[in-house]
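Student: First to last, the protein sequences are chains A and B. In terms of my numbering, the first sequence opens at residue 9 and continues consecutively. In terms of my numbering, the second sequence opens at residue -16 and continues consecutively.
Hints listed in this document are in silico derivations from the structure and should not be mistaken for laboratory results. Ideal placement from N, C-alpha and C gives every residue a C-beta, glycine not left out. Be careful, since some hints might not be right.
Said to hold, decoys possible - Examples of chain B residues toward chain A, derived with CB under 8 Å: (1) Lys(-15); (2) Pro38; (3) Asp122; (4) Cys126; (5) His143; (6) Thr147; (7) Leu173; (8) Glu180; (9) Val191.
Claimed, not checked - Simulated pairs of lysine to aspartate or glutamate, EDC-like, Cα-Cα distance not exceeding 20 Å: (10) A:Lys107 - A:Asp17; (11) A:Lys101 - B:Asp237; (12) B:Lys160 - A:Glu126; (13) B:Lys175 - A:Glu94; (14) B:Lys(-15) - B:Glu113; (15) A:Lys107 - A:Glu126; (16) A:Lys107 - B:Glu172; (17) A:Lys36 - B:Glu172; (18) A:Lys46 - A:Glu237; (19) A:Lys116 - B:Asp169; (20) A:Lys270 - A:Asp245; (21) B:Lys175 - A:Glu90; (22) A:Lys201 - A:Glu241; (23) A:Lys116 - B:Glu168; (24) A:Lys214 - A:Glu237; (25) A:Lys101 - A:Glu237; (26) B:Lys17 - B:Glu45; (27) A:Lys116 - B:Glu172; (28) B:Lys(-6) - B:Glu113; (29) A:Lys201 - A:Asp215; (30) B:Lys160 - B:Glu185; (31) B:Lys204 - B:Glu76; (32) A:Lys116 - A:Asp153; (33) A:Lys116 - B:Glu170.
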Amino acid sequence: MRFRAKIVDLACLNNFSRVINTISKLTKTCTLRLTVCKLYFILSDKVANGGASMWCELCQGNFFDEFQMEGVAAEHNEIYLELVPENLSRALKTAHSAKAVKIKLTNKHCPCLRVAVELPSLSSSSRIVTHDIPVGVIPRRIWNDFREPTMPDFDVSIYLPVLKIMKSVVERMKNLSNFIVIEANLSGEMNLKIETDLVSVTTHFKDLGNPPWASEEGCQSSAQGRNLESMAEACIDIKKLQQLLAGQQVNPTKALCNIVSKRIVHFILLHEDVSLQYFIPALA
Amino acid sequence: MKCVIAGGNVKVLGRAVHSLSRIGDELYLEPTEKGLSLRAVNSSRSAFASFLFAPLFFQLYEPGGPAPDTEHFRCKVHMKSFLGVFRSLPSLEKSVGKCLILLKHRASRLVLQLHCKYGVTKTHNLAFQECERLQAVFDTQSCSSRLCAPARVLADAVVHFPPTLAEVTLGTGPGGKISLRNYVEDEAELSKTMVTELWLAEDEFQSVTVSPGSRITFCLKEFRGLLTFAEASNLLLTIHFDEPGRPVVFTLDDTVLEVHLVLATLSDLESSSLPPPTNGVSHLPTPADDFADDLESYMVALESSACEGASGGPPSPTFPLRTPRTAQSDPEEQEEEEDEDGAVPGTPPHKKFRSLFFGSVLTPGGPGLAPTQEVLAEDSDGEC
């Protein structure tokens, strides 16, 4: 099992750092899945996470100048590692002006991802800073726990409002309540609602647009034939929503959410090289 | 005492106070003929800093010399109060033209008066307490290793470590390289904590005189405070160190300013229980034989003199008497320290650090003190 990768381009490095920063804001630990072409940051829906789950996919070619991977076995040419994304984020934090960043899987006294940052320095040789990030190797027998979650049979799918605005609204609401209700309909309208004993606040968004999911047989049956004005709603933990929005450092190319009434909200944020899906279950 | 600081030096004084505020909660002032000395020490007595401003630093300097045979006036004030006067460095630079420091004995107040633009004068009256001399005992001449570099080199190096990191290990490696590595306390932590390491080349330093394979671990927080000051003042920083356990001394020298920061370092005995770092970075060849000897005699001493440590005095801020590092007394003394360390309440995680050694309350050469024994100089109000 080997892994070795290198980033030389500063723009790619910054891009990669941003992805890691976003992930680190969503969860304390997650699973990193490495395949020949892609990297995945996965969080499976356990009670410990409050049932939230995450699937983030990157094409390695868009970030790394060199990428070599050898999985656990020939037929299973993949590596699953458990890591703390905050560590990776910190390691890359001071690498803004790096000449190169190399990442390597090592196992000296314990499995680690060694991030070596080569920085320019005043002396004749470069400054090299190494960060050894401890990782856990996930055995093949539980790889099934980390499969890509299927798109839920949603009631409404709608584009999100401008994330910056949504974020500031949710942040203020967070001070008032622990739960937030997201409701939306197929006419491009979305409401964010909180309600406490003392106060209830609703923010209305309209003209958001609904993504045109190509209707396949048997798919989205709950969305078809649905009254356009009828709202699908879900009450979710406001902190999870706030973390998702706060973690976005760059505006996504596409941002939308699928709501399964009273069950789950599925957020999809697409950037050029990265796709992020985040599932927040509805609370009773 | 009366002194006036003018122009750009007000900001320097402000920065010095900021740096001292990273160390302790009380600011000690001692005006002497050599200049005004500002000092601070931390609660566990493992960090001490002193800034000595020479008379030339001031526009006017009157230490208010003592009558012959009496000691200089010394006092301490709450760090927060003093810092409050210099809190905003940018506004100090922009609007303060002069700063007057005046001691009003009769009113028991230390007056800090800032003369600002547009005729505005801000007067702060701080309560002070007279106190004994605060002086850590250290000798930079006796240190076997010395590194000298522009502060910026070290500031650039230290930035890679997280702001919350407590301890860092400075070591010397092959090829004259100097390494900095975050210190992880025990083996269990090692498999959970990210370890960051970087190497500085010899040519980044102005001078390097080190004994190869030497390595010391000290607290980063207080060091960062000094680095910020040094970087802003563009000064050369010199690091004097010796064996692990002996304090590391950071000095900044200037024509009008002398700065010392003394930090306790982790003694080898604790660090020898860590496995040798095996993550491929060629670390320093630890002198294994010496360790074995130390451990052995330590274990023997532990078994045979279990009672001696207990009688070593009250558990609070007093420190163990320190005897020179002879093979015999060392283990006993360390064992005493273990007891003391365990008993000192609320000390920060650096409780494993040897406490620094402070000068005697008595005047130098006072009776009854063996030249190698040092006793803590406690504040006058520590008489409990």
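Student: Hint B:Glu180 vs chain A: min CB-CB distance below 8 Å?
Tutor: Holds. Min distance 5 Å.
Student: Straight-line Cα separation of B:Lys160 and B:Glu185 no greater than 20 Å?
Tutor: holds (5 Å)
Student: Are A:Lys201 and A:Asp215 close enough, with their CA atoms no more than 20 Å apart?
Tutor: Holds: A:Lys201 and A:Asp215 sit about 18 Å apart, inside 20 Å.
Student: Hint validation: B:Thr147 versus chain A, beta carbon distance must be below 8 Å. Holds or violated?
Tutor: Hint violated; B:Thr147 Cβ to chain A Cβ min 10 Å, cut 8 Å.
Student: Does A:Asp245 sit within 20 Å of A:Lys270, going by the straight-line distance between their CA atoms?
Tutor: Roughly 13 Å separates the two Cα atoms, so the pair holds.
Student: Are the Cα atoms of B:Lys160 and A:Glu126 separated by 20 Å or less?
Tutor: Holds, because 16 Å separates the two Cα atoms, which is no more than 20 Å.
Student: Is the shortest C-beta separation between B:Lys(-15) and chain A less than 8 Å?
Tutor: With a minimum Cβ separation of about 44 Å from chain A (threshold 8 Å), the hint on B:Lys(-15) is violated.
Student: Can you confirm whether the C-alpha distance between A:Lys214 and A:Glu237 stays at or below 20 Å?
Tutor: With a Cα-Cα distance of about 12 Å, the restraint between A:Lys214 and A:Glu237 holds, given a limit of 20 Å.
Student: When you check the alpha-carbon spacing of B:Lys175 and A:Glu90, does it fall within 20 Å?
Tutor: Status holds; Cα separation ~12 Å.
Student: Please verify whether A:Lys116 and B:Glu172 have alpha carbons no more than 20 Å apart.
Tutor: holds (15 Å)
Student: Is it true that the CA of A:Lys36 sits at most 20 Å from the CA of B:Glu172?
Tutor: holds (17 Å)
Student: Given the proposed pairing of B:Lys(-15) with B:Glu113, does the C-alpha separation stay at or below 20 Å?
Tutor: Given that 20 Å is the threshold and the Cα spacing comes to 17 Å, the pair holds.
Hint compliance for this structure: hints 1, 2, 3, 4, 6, 9, 11, 16, 18, 25, 28, 31 and 32 are not met, and every other hint is.
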